[in-house]
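Student: Chains as they are written, first to last, in our numbering: chain W, 1 to 63; chain F, 1 to 679.
Don't take each hint at face value.
What the hints assert, rightly or not - Label pairs and their in silico Cβ distance ranges:
1. F:A14 <-> W:A46: 33 to 41 Å
2. F:F597 <-> W:A46: 27 to 35 Å
3. F:T304 <-> W:A12: 54 to 62 Å
4. F:M652 <-> W:A46: 49 to 57 Å
5. W:A54 <-> F:L74: 15 to 23 Å
6. F:A403 <-> W:R58: 44 to 52 Å
7. F:G518 <-> W:R58: 14 to 22 Å
8. F:T304 <-> W:T38: 54 to 62 Å
9. W:A54 <-> F:L204: 53 to 61 Å
10. W:A12 <-> F:R572: 36 to 44 Å
11. F:F255 <-> W:R58: 27 to 35 Å
As the list claims (entries may be wrong) - Taking lysine-lysine pairs in the BS3-like style, the calculated list, with each CA pair at most 27 Å apart, reads:
12. F:K502 <-> W:K56
13. F:K85 <-> F:K59
14. W:K56 <-> F:K54
15. F:K3 <-> F:K570
16. F:K659 <-> F:K54
17. F:K54 <-> F:K85
18. F:K664 <-> F:K54
19. F:K59 <-> F:K502
20. F:K217 <-> W:K56
Stated by the list, open to error - Examples of chain F residues toward chain W, derived with CB under 7 Å:
21. M35
22. L74
23. F80
24. A94
25. P215
26. A223
27. W273
28. L274
29. C335
30. F341
31. I345
32. M362
33. P417
34. A420
35. T421
36. R487
Hints in this document: simulated from the structure, not taken from any laboratory.
Model, not experiment: these values are computed from the prediction.
Even glycine gets a Cβ: it sits at the ideal position worked out from N, Cα and C.
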Amino acid sequence: MKPSSATGFTDALALLLAALREIFDESAYTRFLSRTQTVASREAYAAFCREYDAAKARRPRCC
Amino acid sequence: MPKTARILIWILVAMLGALALATIALHRGEQINAMWLVVAAVCTYALGYRFYSKFIAAKVLTLDAQRATPAERLENGRDFVPTNKWVVFGHHFAAIAGPGPLVGPVLAAQFGYLPGTLWILTGAVFGGCVQDFVILLFSVRRDGKSLTEMAREEVGRVGGLVAYVAVISIIVILLGVCALVVVNALKASPWGTFTIAMTIPIALLMGVYLRRLRPGKVLETSALGFVLVMLAIWGGQWVSQTPSVATWFTLSAPFLAILIIIYGFAASALPVWLLLAPRDYLSTFVKLGTIALLALGIVALHPTLHMPPLTRFIDGSGPVFAGNVFPFAFITIACGAISGFHALISSGTTPKLIRRETEARMVGYGAMMAESMVAIMAMIAACVLQPGIYFAINSPAGIVGQAPEAAAATISNWGFPITATEMHSLAQAVGEQTLYNRTGGAPAFAVGMAHIFSHSLGGQALMAIWYHFAIMFEALFILTVLDAGTRVGRFMVQDALGHVWKPLGRTSWYPSILATSGLIVGAWGYFLWQGVRDPLGGINSLWPLFGIANQLLATVAMCVATTIIIKMGKGRYAAVTLVPLVWLVAVTFTASWHKVFDPNPRIGFLSHAAQLASGPVVNARLIFNDRLDTVVTGTLIVMVALILIESSMEWMRVLSGRKQARVKESPFVATQFATEEQG
């Protein structure tokens, strides 16, 4: 069994990675694959971009 | 932990914060360490979060852990996705962190570190964090509705229209100012220009890599892009040291402005995946890394602040921008303390990700605290510079003159000694031909950042690399805002024009794309051109205009928030948003009055136009610009007045009982997450 500090560190790293994956839209792509029941491929990513980019382009970037 | 121990800890935090604030506020005539600012900030945020945000959460908003959020009720795996609170926090912070909190505090440092620092801390804790938190929660309770929609539903039709006009105005002015900051940072700088020029093919390459070679591997692609950008910085040094190549990248401000306008137009019309999305990822990657690095650098170096707490320029005679500490310090800091633009993010993507209502506090209030900390770091980066260097970089040629000796003599006469030799050595150390008249805040921030980084890592030898890394970081950041903002503005104009003639509203119809892109780029391009041709550096007139527009949007957000709080039957707590609203109104009205009517030609647009008209050579273009700025400022202030009147009337109707207090929230649905947690 891992000591609690090691578990805490691993959890923190996992959380950081999850945040990065969300910020960089990798999680959104995973959800897209799961929702459309497709596997990762060029075509699937192109379809994801078509769906996602329309919303992304309308999202204001902050000052 | 026992209650007594917790109380003792918070008493200690309060005492430490008070000591740090007293140190930065009361020390005169001797330099202090930057860590006092960090300690004051951390303690203030900790107390604000623990006590004030908890009070708002419990008493004003009555956050309900049992109430399902739209992310849960409307979950569709696309827009509405229940997400871990830390992940939402990171997402929200990445979305709200822009160039404003970096540039604003650097400009406001001309008053000394004290006014800006105090406003960043109090403005954030009582204004910005509150705005972001309440708007986020109100949007969560309305299925993730936008600020404009909430304004229309809760305040009235005028509220919705004002919010729309404010957003468009901010986008146009912001983009003009941002482009000007980039131009001022890159003019006559072959190294910087080469590096930034290279980010365009790098972003295109990333787009193709992401689409064709490694679909969906965004983090990997961003890391690859980052490595390429670092190579571009390294290559930039070679470019700057090779005269035959350097001439290609040594560009004047007007020429750079034209290039940026062309770039903005092209970026708006290109497919999102090809340029916008990869640049956005690259910018976010660099942004998050650099902010973390800067925080570590400040803690590791704990530098001394050379800027005094207050300078003589609090009287309004500042060279960076003219105007008294009130209201101009507050207009200038903008996003580091309170930013109306954040209300758009808080009522955009974020409310659709919040898993539990109670998490809105950490995401809304907490992420703005982090943004405010970035502003404190920018203030530190500006104030670690010798004041003479700071003013030499940030003062326009129209104030200190073109010749290095004359500029150094003028600045030394202000009480901030500097010599032309020192400035020349510094320019050489950072790989530039000159650092004089680099208005806009970005170069001063870059020199400060390079100073902190090079003293923490790599020594003087890496000063030039760090400087250009900082310039690249800011310019990349700003160009991302530029191309994304142009596109957002284009969509807004298309939406509006679609009501006039349907085909114009079709976002895939190329004639409409070209026409509306041209309209938006033309609008911000005009402000950019105006800034580039302005002998006072442009920032003097344009940054306050941006600040006013941004605070106007915050006024709209606070009007909406106050109206909802009153309609919730919580009128006794309305001061939570009403007090910041009154402050914002005081600041925006005073600043606008000064910008239009002040008799000092460096401040007032009309007196400046009159001065130009009575001069030996009448410049009709500059006079027109002043009048245009007057009309823009006047329009913005009429907007503030309109939404204030409409909101106040709504408050009076509800408080007097003439109208039933009823908010337009989505019906209560119990969350399943609570049951899962109990199980």
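Student: Now, for every hint given, state plainly whether the structure supports it.
Tutor: Quick rundown of the hints versus the structure:
1. Judged by the Cβ atoms, the range 33 to 41 Å given for A14 (chain F) and A46 (chain W) is violated: they are separated by roughly 55 Å.
2. In this structure the hint that F597 (chain F) and A46 (chain W) lie 27 to 35 Å apart at CB is violated, the actual value being about 56 Å.
3. The beta-carbon spacing between T304 (chain F) and A12 (chain W), approximately 33 Å, falls outside the hinted interval of 54 to 62 Å.
4. Taking 49 to 57 Å as the suggested C-beta distance range, the pair M652 (chain F) and A46 (chain W) conforms, at roughly 55 Å.
5. A54 (chain W) and L74 (chain F) have their C-beta atoms about 19 Å apart, which keeps the hinted 15 to 23 Å range intact.
6. With their beta carbons about 49 Å apart, A403 (chain F) and R58 (chain W) fall inside the hinted range of 44 to 52 Å.
7. For the pair G518 (chain F) and R58 (chain W), the supplied restraint of 14 to 22 Å holds, since their beta-carbon distance comes to about 19 Å.
8. Restraint check, T304 (chain F) to T38 (chain W): a C-beta distance of roughly 58 Å satisfies the suggested window 54 to 62 Å.
9. For the pair A54 (chain W) and L204 (chain F), the supplied restraint of 53 to 61 Å is violated, since their beta-carbon distance comes to about 20 Å.
10. At roughly 41 Å, the beta carbons of A12 (chain W) and R572 (chain F) sit within the given window of 36 to 44 Å.
11. Remark: the range hint 27 to 35 Å for F255 (chain F) to R58 (chain W) is upheld by a beta-carbon distance near 32 Å.
12. Note on K502 (chain F) and K56 (chain W): the hinted pairing holds, with a Cα-Cα distance of about 23 Å set against a maximum of 27 Å.
13. With a CA separation close to 22 Å, the supplied pair K85 (chain F) and K59 (chain F) stays within the 27 Å bound.
14. This hinted pair does not check out: K56 (chain W) and K54 (chain F) have alpha carbons roughly 33 Å apart, beyond 27 Å.
15. Distance restraint check for K3 (chain F) and K570 (chain F): the Cα-Cα separation of roughly 30 Å exceeds the 27 Å cut-off, and the hinted pair is therefore not satisfied.
16. Restraint check for K659 (chain F) and K54 (chain F): the C-alpha separation of about 30 Å exceeds 27 Å, so the hint is violated.
17. Between K54 (chain F) and K85 (chain F) the CA atoms are separated by roughly 17 Å; this keeps the pair inside 27 Å, and the hint holds.
18. Restraint check for K664 (chain F) and K54 (chain F): satisfied, since their Cα atoms lie roughly 24 Å apart, inside the 27 Å limit.
19. With a C-alpha separation of about 47 Å, the suggested pairing of K59 (chain F) with K502 (chain F) is violated against the 27 Å cut-off.
20. Simply put, K217 (chain F) and K56 (chain W) have alpha-carbon atoms about 17 Å apart, close enough for the 27 Å limit, and the pair holds.
21. Look at M35 (chain F): its Cβ only gets to about 25 Å from chain W, farther than 7 Å, so that hint breaks.
22. Hint on L74 (chain F) is violated. Least Cβ distance to chain W is approximately 14 Å, over the 7 Å limit.
23. Proximity of F80 (chain F) to chain W is violated relative to the hint, the smallest CB-CB distance being about 11 Å (cut-off 7 Å).
24. Taken as an interface hint, A94 (chain F) checks out: its beta carbon lies about 5 Å from the nearest beta carbon of chain W, inside 7 Å.
25. The criterion of a C-beta within 7 Å of any C-beta in chain W is met by P215 (chain F), whose closest approach is roughly 3 Å, and the hint holds.
26. The interface hint given for A223 (chain F) is violated, since its Cβ lies 10 Å from the closest Cβ of chain W, which is over the 7 Å cut-off.
27. The beta carbon of W273 (chain F) is positioned within 7 Å of a beta carbon in chain W (closest approach about 5 Å), and the interface hint is therefore held.
28. Using the Cβ-Cβ criterion of 7 Å, the hint placing L274 (chain F) at the interface with chain W is not satisfied: the shortest such distance is roughly 10 Å.
29. Hint status for C335 (chain F): holds, given a least beta-carbon distance of 6 Å to chain W, under 7 Å.
30. The restraint placing F341 (chain F) at the interface with chain W holds, with a minimum CB-CB distance near 5 Å, inside the 7 Å limit.
31. Nearest Cβ of chain W to the Cβ of I345 (chain F): about 6 Å, under the 7 Å cut. The hint holds.
32. For M362 (chain F), the interface hint is violated, since its Cβ never comes within 7 Å of a Cβ in chain W; the closest pair sits about 13 Å apart.
33. A cut of 7 Å between beta carbons decides the hint on P417 (chain F): the least distance to chain W is about 35 Å, and the hint is violated.
34. Here the hint on A420 (chain F) is broken, as its CB sits about 36 Å from the closest CB of chain W, past 7 Å.
35. With 7 Å as the threshold, the beta carbon of T421 (chain F) stays out of range of chain W, its nearest partner Cβ sitting at about 38 Å, so the hint is violated.
36. Evaluation of the R487 (chain F) hint against chain W yields a held restraint, the C-beta minimum of about 5 Å falling below 7 Å.
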